[in-house]
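Residue numbers (the working numbering), protein chains in the order written: chain A, 9 to 686; chain B, 9 to 686.
Hints are computed from structural coordinates only; laboratory data are not their basis.
Treat the hints with care, as some may be off.
Which copy is meant is left open, so a pair is good if it fits within one copy or across any two.
As the list claims (entries may be wrong) - With a Cα cut of at most 25 Å, we get these calculated DSS-like pairs of lysine-lysine:
1. Lys549 <-> Lys432
2. Lys652 <-> Lys231
3. Lys395 <-> Lys551
4. Lys319 <-> Lys520
5. Lys387 <-> Lys409
6. Lys605 <-> Lys231
7. Lys611 <-> Lys356
8. Lys56 <-> Lys77
9. Lys319 <-> Lys409
These are the residues of each chain, in order.
Protein chains: 2
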Amino acid sequence: MKHRFRILALLALGVLALGALVVAAACGGGDGDGDGNGAGGDLDAIAKARGLTPEDMKHALQQFVPPGKYDDYVMISSGGHSGQVFVIGMPSMRILKVIAAFTPEPWQGFGYGADWGDTVLEQGNPTTPAGTDLTWGDTHHPAISETGGEYDGRYIYINDRANGRVAMIDMRDFRVKQVLAVPNIQTSHGGMFVTPNSEYVHVSSKFPMPWPAGSYADVNEYKEKYRGASAWLKIDQETGRINLDESFEIEIPPYTQDLADAGKLASEGWGFIGSFNTEMATGGDAEGGEPLEAGASKNNFDFLHAINWKKAEGVIAAGKFEEMNGVKVIRLQTAIDEGLLYLIPEPKSPHGADVDPSGKYIVVGGKLDPNVTIYSFDKMQAAIEAKDFEGTDPFGVPILKFDSVMAGQVEVGAGPLHTQFDSKGHGYTSMFLASAIAKFTLGEDVVTTDEEPFKLIETIPVHYNIGHLATAEGDTVSPDDNYMVALNKWSIDRYAPIGPLHPQNFQLIDLKGGEGPLELIADMPIGIGEPHYTQIMKADKLKALEVYPPGTDALTMTTDPQAIEAGGERVERNGNTVEVWMSAQRSHFTPDILRVKEGNTVKLHITNVEQTRDATHGFAIADYNIQASLEPGETSDFEFVADKPGAYNFYCTEFCSALHLEMAGWFLVEPAAAAALR
Amino acid sequence: MKHRFRILALLALGVLALGALVVAAACGGGDGDGDGNGAGGDLDAIAKARGLTPEDMKHALQQFVPPGKYDDYVMISSGGHSGQVFVIGMPSMRILKVIAAFTPEPWQGFGYGADWGDTVLEQGNPTTPAGTDLTWGDTHHPAISETGGEYDGRYIYINDRANGRVAMIDMRDFRVKQVLAVPNIQTSHGGMFVTPNSEYVHVSSKFPMPWPAGSYADVNEYKEKYRGASAWLKIDQETGRINLDESFEIEIPPYTQDLADAGKLASEGWGFIGSFNTEMATGGDAEGGEPLEAGASKNNFDFLHAINWKKAEGVIAAGKFEEMNGVKVIRLQTAIDEGLLYLIPEPKSPHGADVDPSGKYIVVGGKLDPNVTIYSFDKMQAAIEAKDFEGTDPFGVPILKFDSVMAGQVEVGAGPLHTQFDSKGHGYTSMFLASAIAKFTLGEDVVTTDEEPFKLIETIPVHYNIGHLATAEGDTVSPDDNYMVALNKWSIDRYAPIGPLHPQNFQLIDLKGGEGPLELIADMPIGIGEPHYTQIMKADKLKALEVYPPGTDALTMTTDPQAIEAGGERVERNGNTVEVWMSAQRSHFTPDILRVKEGNTVKLHITNVEQTRDATHGFAIADYNIQASLEPGETSDFEFVADKPGAYNFYCTEFCSALHLEMAGWFLVEPAAAAALR
C-alpha cells in the first residue's frame, strides 16, 4: 500500500502543539478580574450569594482541587452489582475512571468483539455448572497489591460476590486482565485481601454450596453436604495473574463466612474470616420453616475463623490435599488435624473482621450487638499453644474461649459493621443502624495518645445507613491520618430527586491527624452501582503507562504478533477468510473500504500507530455490535462472520481530531444472492 | 401462605427513624471546633496548607455544594460509546445517575432477566438487517422535552449514532422506556432536538446508506443509490413514546448530514441540519482512491439544510408519501416540489448548526474555517419567497445564495464547532483546534448590551480540544446567564496518571451574567464514556417519583397484573412450568426456597412491597446471570429455563437493612437424572 503525505492528518496532529501554547498562556494570567491578591471580600460575597456558612467555606477549600492540579489520593472502589471498579480522586471525589471488570462496557471496548475483553470474559465463565455465560458481577472488596504491608500500585483484585469469581486489574493501564471462576465457590465474599507481600489473594465463600462444586444436594442436607472454602490464590509477581496450580483451598464448615482480613506484622502468616448463620438456617418460610434472617440470628455467638496460611503451605507441600475441580484442597479434617483452623466466638451476627496496622488486634462488629469486640492475636496464639479450648463446633473445629482471647470491648452504638484505623491507635467503626461512625481506642500498646485504651472517643453522624468506611492507606501497616470516607448505602433526601432509585452517598470526613474531632467535609453521590468497599492509596504511587509501546496486546502486555507500523496495512484472502491488517491514525483508517462476501470469516487486526498521549481511537461497525477502544500503541484483534449483507459504516468512536467525523469507512458485505435483498 | 410478625424485619425498618433522629442532632450543631462565626483565618490557613491561590479559593466557593444541599441545575449528558446518559448536578459537577440506555447495566437490572429492560433492548433491535442483536450504542445528543420552548422535565431523547436508534427516558423515574430502531437510518446524528412543544423529536442520518434500508449497493453507486433521511418522530404526550405510525421521514441527498437544531419563536416550524462531504467521497485509499477525510474536505462550501416540518405535515396529510420499512417517507423530489427543503452554502466542512434563543439566527461553525457564519431566518424566508436561488444541487434541491441569507461572520479562531447562547445576544462557540471558546455578538436586534453586532468579544482557553459546550437552559428560548460547561475531548495531563485511556474533561465556566469576562471555575473528569452533548436544566423542574405506586410495572408505568401485596405470595405448578409470586421486604424474600426440576420453565413475579423512599431491593441468582433492581413499589417479571441443575443462592444485591446479608434464599434445581451430576 502506498504511503501518502496527508496534509489534513498533519493539521489534525497540530492540535496538541497549539493546545500546549494555549495552556502556557492561561497559566500566566490571573482570574481576569484584576484584583490579583487577597480574595477575602470576594469570598464573603460569593458565600453570601450562595448561602454558604463559614463552615461550608472551610469545607469547600478542603475539598477543592484547582483545575489542572492532581488529587493527593486515588480511591479504588468496588462498584457493587454494576460489576465495575471505580477510580476516584480524593479529596475532590471526582471519578477518574470506571473500570469494566465483570460487565461488558463498550467505551473501553470490553466485550464487544476485541480479543482482549472477549478473552477475559470467556475465560471467566465457570465450568461448573456447565453452560454458564456470565455478563455481570457484584464487585465487593478491592485489594491493592502490597509490598511490605504497603499498597504498591501494581495490581487490583476484586471479587464477584454473586458468582464466586475474582478479577485482576493491571494498574499499568487500569484494565482487567483476568477473570477467574474460583473452583468450589459459588458466591464469594471473604476478603479480598492480599497477604502483606502479595503472595496470595484470599477470597472465601459467602453461602456454602453442595460440595465440591458440581454435586447436588437439597438444603435439607445442608449440614452434611454443603461446605464453604477459604481460597488462597497464588499471585504471579510478573503479571499479577492468579496461578491456580500454585493456589490452594481449605474446606470450611457450612456457615456463612463473611468479611476477612490478612494478618500483618505481628500476625503475618494468618488470615481471619468472620461468619454468621452458624445456626445453619436455610429458610423455608413457605414450607413451614422460619424466615432465613430469623433462623440465622438466634445464636448469641458466631465464629471468627483464624487460619494459619503459612502452615497450610507446608501441609500442601507435604501432599496432604485432594485435587477438586482443578485446585488443591485441604479437607476440613486435615485442617483440624494440622492446626490450620481455629474458631473464636464473636457476638452477634458479626459482619466486619479487621486487623489493625500493628497486626496485634482483630476488631469485629456484631451487627446485632452494640459493642465492637477487639481480640488479641497474642492471646489467640497463647490459647492455641496451651490448647485452651472450650470444645469444638459440630465439625470438630476447636473453639477458643472468648474470655481468653478477647482484649477489650467498646460499646459504640447500634449496628457496628466495619472498622478502619489511623496510626495513633484508634479504630473507626461504621454503624449501619445508628447511621454513624464511632472512634475508639485500641490497646495501650498501640495507642500513642494519652487516651485510655478501649474507650469510645466520639461518634459522628453520617447520611445514611453506612456500610464500609475507609481511611487513607487504611489497610496498610501505616495508615495516614487525614481523610476518611463513609460509604453510605442510602441517600434518601440528600440530592435533587431523580426517581425511586437513589444514588449511594460517599462522605468525606476530616480525620484531623487522628487527634481532633471528626468533621464532615463533603457529600459525593454514587449514581452508578453500589460500592461496598474502597481502598485509598497515595496518588504518588501511581505508575501507569502514558501510552503503550508500539503494537502492544493489552491482554498480554507484550507485542501483538499481528501489530503493524504505518505502511504495513494489507488485506489477504484465503478461501472463505478475509484477513485485514489495518492502521488507525488521525484522521484515517487504512484501508478505509473493506469488501467481503456474506458468510466470510473476517479477521481484523487494527493497530493504533500513534504514540501521542490521549490519542485514542475507537472502532465500531454499524449493526455488527462491534466496538473497540484502541489506545495509542495498541493492537487489537477481531474475528467474526460477515453474516449480515449490506453496506455498513465503520467509524472512529473516540473524538480524536478536527476531522474525526471524517475518520470512517465502509464495510461492504456483498449479498450471497441478489434475491436475499430486495 | 401464613403471614407472620417478624421482629427482625421491624428492627430493620427502624433504621430510618433512627437515621432521622441522628440527622436532626447533626443539623443543630456547628462544625465542632467551637469558633462559631467568621472563618477568615481558618480559610487562609487551609488555603496555605493546600497551596490554593486567591482565585482557587473563589472558585472553590463557586463550585461547592454543602453536604445535604441540592445543586441548582442538572446536566443531562450523553455518555458517548458507553451507550448511557449521565445526570450530573451543577455547579458541583457530581454524577447523580448513570442511566442505562442502549447498553445492559446490572445495577439498574437493565438487560439481566427482568422484563422491563429485556423488553426495551429486544424492541430496540433493528429488523433491517435481520438478525441484529445490539448490546451497545453511541449516545450523542440528549434532548429534554419542551413546552413553549422551555425544558419541561418530562422526557429525554437520545440518539445512538452507531446504529441509527433513538431511546426515550422517562424523567419520572429516569429509566429508559423505549429504544426505537429508526427505519431507513443506519447511523444517526442530526439532533436530537425536540420541536418547541415536543410535537416531534428529530434525528437524521449521519452517513447515508443504500436506500431504503434492506437494499444493497456498492459505494461506487453512492450518488445514485445511497440516501439519507430526516426523521420526524411523533411524541405521544402521555407516555413520551415515539409513535412511528404518526411519524414521517424526508429523503435527503447522500451527503453526511451532521448536527441539527429546531427553529423556535421566529423560526418555529422549521428545522436546520448542517452537512459535510457534499463531495460524496467514499474513500478507497487501498484501491487507488483518496483517503475519505481528504476527499470529503475539498469543497469550500457544504450545505445547511432548511426543512419546513410544519408544511411537511400537510404533505403527509395530503397522502404524498411512500411507506418504506414501516414509516411514511416524503421522497426527495416531493420535498423539492412541495418547497419543504432548501440548501444554504456553509463554509467549510461545518459541524454545528445552532439556532439562537430568538429563533432569528442560525449559527454554523466550519471546522476548517476560522469564522462562524450567522444566517438570518428572515433573509432565508425572503429568499425562498423571491425564489432567489443560485441553482440546485445535483439532486435538484434549490440552493439559496450565501450573500442573500448570511447576516454576519465573526472570525473566532481555529476549528469552530458548536455554538450556545445567553439571553444578552451573545454566542459562545467551541473551537477544537484552538482549544478555546469564543464569545461574540449576534445581530443588533437581539444584542441587549451596547456592544457592536457580529463582533468577537473574547476567547477563553479550555483543556483540551473541546467538542460541544452548553449554557444553562441553553437550548431554550430563555437561557440563563450564569454557567457554561465545556465538553473537552482530551484531558492529557490534567489528572493523575491512570493509563493510556484518559478521561474526558468537563470544565465549568462562569458566564457572569453574560457581561463579565469568562472565568474557568473547575475541572471535572469523565472517566466513563465520552459525552458529546449535554443540556442543563434548572433542578426545580425535576418532578420525579420518590417511590412507585404499589405494584408498578416500570415499563408501562401502570399496575403490573402480576403484582401482589404482602401475604399474596404463592407458587403454582402447571406441567413443566413453575410460576412464583414473590414479595421483597426488609429483610426477606417470600418464599425463600424455590424448588424446581431441571428443564422447568420458571415464571417469577417479584414485588417490592415497600413504600419507603430508597428501600430498593436487588434480586440475583448465582450462575444464572439474573440481576434485577426492584425499587419501592415495583413489580418485575422474569421468565427463564432452569437449565442448570444445582443449588443456587439468590440474594438481595442492594444493601437494604442491618440484616441485608441474610436477605437470601435457595433456588434448588433438582437434576433431571442423578447421573448428570457426580
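Okay, the hints, checked on the actual structure:
1. In this homomeric assembly, Lys549 and Lys432 come within 25 Å of each other (Cα to Cα) only inside a single copy, at 23 Å, whereas the closest approach across copies is 49 Å.
2. In this assembly of identical chains, the alpha carbons of Lys652 and Lys231 lie at most 25 Å apart only when taken from different copies (23 Å versus 54 Å within one copy).
3. For the homomeric pair Lys395 and Lys551, neither the shortest alpha-carbon distance inside one copy (48 Å) nor that between copies (65 Å) is at most 25 Å.
4. When the C-alpha separation of Lys319 and Lys520 is checked against a cutoff of 25 Å, the pair qualifies neither within a copy, at 40 Å, nor between copies, at 68 Å.
5. Taking the shortest alpha-carbon separations for Lys387 and Lys409, only the intra-copy value of 10 Å comes in at or below 25 Å, while the best inter-copy value is 92 Å.
6. Taking the closest pair of Cα atoms, Lys605 and Lys231 come within 25 Å of each other only across two copies (22 Å); inside a single copy the shortest separation is 60 Å, beyond that limit.
7. In the homo-oligomer, the alpha carbons of Lys611 and Lys356 never lie at most 25 Å apart, since the shortest distance is 58 Å inside one protomer and 37 Å across protomers.
8. Taking the closest pair of Cα atoms, Lys56 and Lys77 come within 25 Å of each other only across two copies (15 Å); inside a single copy the shortest separation is 27 Å, beyond that limit.
9. With identical chains, the CA atoms of Lys319 and Lys409 are at most 25 Å apart within one copy only, with a shortest distance of 22 Å there and 87 Å across copies.
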